[in-house]
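Visitor: Just so you know, the sequences run in chain order A and B.
Residue numbering for the first sequence follows our numbering, starting at 19 and increasing by one per position.
Residue numbering for the second sequence follows our numbering, starting at 19 and increasing by one per position.
Please note that the accuracy of each hint is not assured.
[Claimed, not checked] List of simulated lysine to any residue pairs, SDA-like, C-alpha gap at most 25 angstroms: (1) B:Lys45 <-> B:Glu111; (2) B:Lys116 <-> A:His86; (3) B:Lys101 <-> A:Thr64; (4) B:Lys116 <-> A:Glu41; (5) B:Lys34 <-> A:Met19; (6) A:Lys116 <-> B:Ala39; (7) B:Lys102 <-> A:Glu77; (8) A:Lys27 <-> A:Ile107; (9) B:Lys102 <-> A:Trp55; (10) B:Lys34 <-> A:Ile54; (11) A:Lys101 <-> B:Ala39; (12) A:Lys116 <-> B:Glu62; (13) B:Lys27 <-> A:Phe40; (14) A:Lys45 <-> A:Phe93; (15) B:Lys34 <-> B:Asn61; (16) A:Lys116 <-> B:Gly42; (17) A:Lys27 <-> B:Met19; (18) B:Lys101 <-> A:Arg114; (19) B:Lys116 <-> A:Gly94; (20) B:Lys101 <-> A:Glu51.
Rather than coming from a laboratory, the hints here were simulated on the basis of the structure.
Number of protein chains: 2
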Amino acid sequence: MKLLQIDFKMKGPWGKEMSMAFEGLAKDIAAEEHLIWKIWTENEATEEAGGIYLWQNEEALDRYVIKHIARLNSFGITEINSKKFDVNIPLTEIDRGKL
Amino acid sequence: MKLLQIDFKMKGPWGKEMSMAFEGLAKDIAAEEHLIWKIWTENEATEEAGGIYLWQNEEALDRYVIKHIARLNSFGITEINSKKFDVNIPLTEIDRGKL
Chain A
19 MKLLQIDFKM KGPWGKEMSM AFEGLAKDIA AEEHLIWKIW TENEATEEAG GIYLWQNEEA
79 LDRYVIKHIA RLNSFGITEI NSKKFDVNIP LTEIDRGKL
Chain B
19 MKLLQIDFKM KGPWGKEMSM AFEGLAKDIA AEEHLIWKIW TENEATEEAG GIYLWQNEEA
79 LDRYVIKHIA RLNSFGITEI NSKKFDVNIP LTEIDRGKL
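My request is simple: use the sequences and hints to build the entire structure.
Guide: Pasting the structure below:
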């Protein structure tokens, strides 16, 4: 299990408009092989958005990062932070984290 | 509901040793008022660790960030990234995100 943390500078859309604009993309991402889940993040005040992803394995995560950064670039988004992590499961269980 | 994303440079411990070293801290964090959950993250290869937190409200998140950064500083950890986000719930639901 591997966690992917991505955030980037974006000019919107935010909130309900974001939900509508990216519904198709979210459905496409839902079909990514070996993806457990994605939480979509957004911050209109700082003009940042991104996602927290949980993957079954690192290979699928690595393939997705290459694909997703290319997609973000095609949207004109270039200031992108991407980090991958293991999840410390015993500590996460103590803190009720949902995996 | 607000998501907090924190990561920082760390020299370890990792894995099972990390689980043991921070069990008490995880129990302390579990008692934070208005915390829904925390997922603990670690990456020995890049010497980074952190957490993804879900909070019931922004005020509790902001109070925690001040407290937690002071605690990390007391551990000698100073290279800290901290970002807060709203969760886009409709998109997260499409991608099976667990809130």
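Visitor: Does each hint fit the structure? Answer for all of them.
Guide: Each hint tested on the structure:
1. Annotation: proposed proximity of Lys45 of chain B to Glu111 of chain B is violated, straight-line Cα distance about 29 angstroms (limit 25 angstroms).
2. Between the alpha carbons of Lys116 of chain B and His86 of chain A the distance comes to roughly 21 angstroms, so the proposed pair stays at or under 25 angstroms and holds.
3. A hinted pair counts as satisfied when its Cα atoms are at most 25 angstroms apart, and Lys101 of chain B with Thr64 of chain A qualifies at roughly 9 angstroms.
4. Using a Cα cut-off of 25 angstroms, the hinted pair Lys116 of chain B and Glu41 of chain A holds, with the two alpha carbons roughly 18 angstroms apart.
5. Restraint check for Lys34 of chain B and Met19 of chain A: the C-alpha separation of about 16 angstroms stays at or below 25 angstroms, so the hint holds.
6. Taking the CA atoms of Lys116 of chain A and Ala39 of chain B, the gap is about 22 angstroms. The hint holds against a cut of 25 angstroms.
7. Simply put, Lys102 of chain B and Glu77 of chain A have alpha-carbon atoms about 28 angstroms apart, too far for the 25 angstroms limit, and the pair is violated.
8. Of the pairs offered as hints, the one joining Lys27 of chain A and Ile107 of chain A is violated, with about 30 angstroms between alpha carbons and a cut-off of 25 angstroms exceeded.
9. At roughly 19 angstroms between alpha-carbon atoms, Lys102 of chain B and Trp55 of chain A fall within 25 angstroms of each other, so this suggested pair holds.
10. For the proposed pair Lys34 of chain B and Ile54 of chain A, the alpha carbon gap of about 23 angstroms is at most 25 angstroms, so the pair holds.
11. Proposed proximity of Lys101 of chain A and Ala39 of chain B is supported: the alpha carbons are some 24 angstroms apart, at most 25 angstroms.
12. Taken as a hint, the Lys116 of chain A and Glu62 of chain B pair is honoured in the structure, with Cα atoms around 22 angstroms apart against an allowance of 25 angstroms.
13. Taking the CA atoms of Lys27 of chain B and Phe40 of chain A, the gap is about 33 angstroms. The hint is violated against a cut of 25 angstroms.
14. Taken as a hint, the Lys45 of chain A and Phe93 of chain A pair is honoured in the structure, with Cα atoms around 18 angstroms apart against an allowance of 25 angstroms.
15. Only pairs whose Cα atoms come within 25 angstroms are accepted, and Lys34 of chain B paired with Asn61 of chain B is accepted, the gap being roughly 13 angstroms.
16. For the suggested pair Lys116 of chain A and Gly42 of chain B, the alpha carbons sit about 20 angstroms apart, so the restraint of at most 25 angstroms is met.
17. Pair hint Lys27 of chain A plus Met19 of chain B holds up; C-alpha atoms about 21 angstroms apart against a cutoff of 25 angstroms.
18. Proposed proximity of Lys101 of chain B and Arg114 of chain A is supported: the alpha carbons are some 21 angstroms apart, at most 25 angstroms.
19. For the hint linking Lys116 of chain B to Gly94 of chain A, the alpha-carbon distance of about 29 angstroms lies beyond 25 angstroms, and the restraint is violated.
20. Simply put, Lys101 of chain B and Glu51 of chain A have alpha-carbon atoms about 28 angstroms apart, too far for the 25 angstroms limit, and the pair is violated.
Checked against the numbered hints given earlier, this structure breaks hints 1, 7, 8, 13, 19, 20; the rest are met.
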